[in-house]
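> So you can see what is in the structure, the chains are spelled out below.
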Amino acid sequence: MSVSPDPDVSTTDATGSHAAAEHRHPPRPRTGISRGELAMVVLLGALGVYLLLDAANIAVPGSANTIGPRFFPYLVGGVVLATALALGFRVLRGDRGPSDESEDIDPDAPTSWANVGVVVVGFLAHALLINVVGWPLAVTLMFALVAWALGARGVVRPLLTGGVLSVVVWLVFVKALDVALPGGILLELATDWF
Amino acid sequence: MTQQQPVVVVGHVPTPRGRAALEHALAEAERRGARLVVVNSSRGDALVDEEYLQGDPLRRLHDELTVSGVPFELRQPVGRDVAEELADAVAETAAEVLVIGLRRRSAVGKLLMGSAAQRILLTVECPVLAVKGPPATTT
Amino acid sequence: MGALGDLAGGLADALAPVNLLFALLGVLLGTAVGVLPGIGPAMTVALLLPITYALEPTAALILFAGIYYGGMYGGSTTSILLNTPGESSSIMTALEGNAMAKSGRGAAALATAALGSFVAGTIATLLLALVAPTVVDLVIGITAADYFALTVLAFVAVATVLGSSPLRGLASLGVGLYLGLVGTDVLTGQERFTLGIPQLSDGIDVVVVAVALFAVGEALYVASRLRRGPVQVMAASGPWFTRRDLRRSVGPWLRGTALGFPLGALPAGGAEIPTFLSYATERKLTKHPEEFGRGAIEGVAGPEAANNAAAAGVLVPLLTLGLPTSATAAIILVAFQSYGIQPGPTLLSTESTLVWTLIAALLVGNLMLLVLNLPLARVWVQVLRVPRPYLYAGILLFASLGCYAVNADPLDLVLLLVLGLLGFAMRRYGWPVAPAIVGLILGPVAETNLRRALAISSGDLGVLLDTWFSRIVLGLALAALVVPIVLRAVRGRRATPEEVQAGEGLRHRESVGAGPGEEER
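Chains A, B and C, in that order, give the protein sequences. Everything in the first sequence is counted per the working numbering, starting at 1 for the first residue and increasing by one. Everything in the second sequence is counted per the working numbering, starting at 1001 for the first residue and increasing by one. Everything in the third sequence is counted per the working numbering, starting at 2001 for the first residue and increasing by one.
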């Protein structure tokens, strides 16, 4: 399913094992132009151009002596484009943004696009399934798929955890807090008397 | 293949049952004149795993094993199930015996949680010595 | 004193059982998410915004405020015991607190953090109650141009001061402003940037953007670089808080509060700078300079107090001006708006009961937090045994809930995913997320005031600099924008206060962690 973890079989003594752990985290060289960063800058620049061009298409109703709905978009478009140019200049000179730190992030791990893909597909599928099979079931499938992508084992536990959690959450939010969420035929019949 | 020193593998966690397993494994290794392979593994899927030895407790274990005089090796694999890790360690070292600590658990608790011990018994290729922790521990 | 009388009235309301219950729920949730990796108070409040459809305003806002305060306490616990500062405002706590825990003074570190947070939170919340009416008196007469200047200052401050790269902060702000523009122009009824999609003519819902950038973005980012293996938990061992610890902590607590509250209250806020300043101050003033970097109690007490005081300070511009200066404040503003309440100078008079109950509930919640955290810090760490796969799958489950509940439209979930991918890319390339949220929420406010000002002046841009107030505020904004660039040009490297202090922090961490057998993060 996901990336198979690399078992770190360590050496005979305690300090040795930790030295090994530290060797796995060499400082990553922060030089060179990052293609991803450049893509972000290009997208930002495109957003700026789009804002400036499309702002000209906003219909302006009569009263001419006040500024209309175009002014602020022009302003934002200008700022965005200027930022993109300045950032592009810096990125081309090799500047790199510090990627976000988080407790569950391994900063030196290569990006696993497969994992991202599984999460994206799982989420998209659940979005399309909600109105068909109801929120609890759709979200249970998404939950299990995401859990597998992130390294959960087995079939039963992810599905069971997701199922119990989604039904409990559904009951709390729909029956107690009156939030609109399709429950799917079974669940709605079963809780009709509520 | 030359005649090698026999090996005893033990699954250790810093709890009373892990303690009991370690003590029995040390005795077993001494009796057999064997080398001791201590496996302390973690699934590594949560930010906190208090059964994974690090820092001072790790150093204390290391010192204690050194003092015991039994030749030993300490392994701390991360990322897989403890049953898989122990089975691998046993297969790789051609161990004579595996020592594990058993949780004292009710029938219901076992039904809900599955059992690492059961999976170990089913997969491991050598005799298994299962040790219970002191009865003072909770159900 | 009028404010104290109002506060007493608010206290009576806050002590009603229902409100107490929501305050307790809030601080429990807040501490839990503060402890948990990947989830912060901003994300939690965003995920819980749908309950504003079901709860009355007082209950919901007390809940959110409890989460806001609780997040700080939870963050300090993990900083000390695990050396994992969840937010940059906890870096200093992690630095000294974890060193204290390593040398067997964990219990004292946790105690000074919890007590310091309580002292600072209480003083700062009382200051909030005292200052708010005065600020309202001062700003009640400000013009639209002045207000526009304030929003510009908030934009620039959030973009360049938070985060580590001003340009990337501006880029993020620009994205947020764009997302705020999508939809129908309020003043003329014209559609803007809707691409002809009818669902977009109502604009992009703030809940969708916030949940996407925080929750979905984080989950995708974690999926892309999943960390394996646990971190070392330090024991909360050692002698408990002694009389000597108390003597050494009181000064830093009070100084941290004095730094944190005003800096948090400025619309240039956030909690990072006060914590860095507090740390630097304590290091200068201490009688035990040799302990700094090796676990000085002053280095935990001061920054923790500053952190909490700043959190209360951030509420001053939020409640008196409707100006959010942090991501969580921005989401709380959305909660107000979803009840049809627009925080601003008139809030204190029109929603007086609500505001005073909220402030009183903060005092009560702060006391609850002390009781919950002082003896139970170790228990909270157990929350971290939740396996990552289930934690992030659960976050996505709640993201789906929060987003779908807004319009019951699956298209929102697709939009959520698209914006989540944006949040993922932003994290990966170091674009801070907070400016986008503030831009999205404050952008329309800025535009409305700009156009109002220019309508009065018949399009003359000079009106923006008409008053001294707007001149000073815009001057500050310009300074916040230009100074980092000039400093970089002069010194040849990035030199925001954060960068300088963080650099120092990293050096410390290396030297602290150099011993054998230390697991470094």
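Fair warning: there could be bad hints in the mix.
To be verified - Ranges of calculated distance between the beta carbons of each label pair, as one might list FRET restraints:
id, chain 1, residue 1, chain 2, residue 2, range
1, C, GLN2190, A, VAL49, 19 to 27 Å
2, A, LEU128, B, ARG1060, 51 to 59 Å
3, C, TRP2468, A, TYR74, 24 to 32 Å
4, A, GLY36, C, ILE2197, 24 to 32 Å
5, C, LEU2421, A, LEU75, 21 to 29 Å
6, A, LEU177, C, SER2201, 23 to 31 Å
To be verified - One-sided and incomplete, this derived list gives chain C residues near chain B with beta-carbon spacing under 7 Å:
id, residue
7, PRO2037
8, GLY2141
9, PRO2230
10, VAL2231
11, VAL2233
12, ALA2236
13, THR2281
14, ARG2283
15, LEU2285
16, ARG2385
17, ARG2388
No wet-lab data here; the hints were simulated from the structure. Just so you know, these numbers come straight off a predicted model, no measurement behind them. Positions of the beta carbon are idealized from the N, C-alpha and C atoms, including for glycine.
> Does each hint fit the structure? Answer for all of them.
Consistency of the hints with the structure:
A hinted range of 19 to 27 Å holds for the C-beta pair GLN2190/C and VAL49/A, which are about 21 Å apart. At roughly 55 Å, the beta carbons of LEU128/A and ARG1060/B sit within the given window of 51 to 59 Å. The hint said 24 to 32 Å for the Cβ distance between TRP2468/C and TYR74/A, and at roughly 28 Å that hint holds. Between GLY36/A and ILE2197/C the CB atoms are about 28 Å apart, so this pair conforms to the stated range of 24 to 32 Å.
Distance hint check for LEU2421/C and LEU75/A: the Cβ-Cβ separation is about 27 Å, which falls inside the suggested range of 21 to 29 Å. A C-beta distance of roughly 28 Å is found between LEU177/A and SER2201/C, which places it inside the suggested range of 23 to 31 Å. The beta carbon of PRO2037/C is positioned within 7 Å of a beta carbon in chain B (closest approach about 6 Å), and the interface hint is therefore held. About 51 Å separates the beta-carbon of GLY2141/C from the nearest beta-carbon of chain B, more than 7 Å, and the hint is not met.
Restraint check, PRO2230/C versus chain B: the minimum CB separation of about 4 Å is within 7 Å; hint holds. For the restraint placing VAL2231/C at the interface with chain B, the shortest Cβ-Cβ distance is roughly 6 Å, inside the 7 Å limit, so the hint holds. Satisfaction of the interface hint for VAL2233/C is found here, the shortest Cβ-Cβ separation to chain B being roughly 6 Å, below the 7 Å cut-off. A least Cβ separation of about 13 Å between ALA2236/C and chain B goes past the 7 Å threshold, and the interface hint is therefore violated.
About 32 Å separates the beta-carbon of THR2281/C from the nearest beta-carbon of chain B, more than 7 Å, and the hint is not met. For ARG2283/C, the suggested interface contact is broken, since its CB lies about 27 Å from the closest CB of chain B, more than 7 Å. About 32 Å separates the beta-carbon of LEU2285/C from the nearest beta-carbon of chain B, more than 7 Å, and the hint is not met. Interface restraint check for ARG2385/C: the shortest CB-CB distance to chain B comes to about 5 Å, inside 7 Å, so the restraint holds.
With its C-beta approaching chain B no nearer than about 5 Å, ARG2388/C sits inside the 7 Å limit, and its interface hint holds.
Checked against the numbered hints given earlier, this structure breaks hints 8, 12, 13, 14 and 15; the rest are met.
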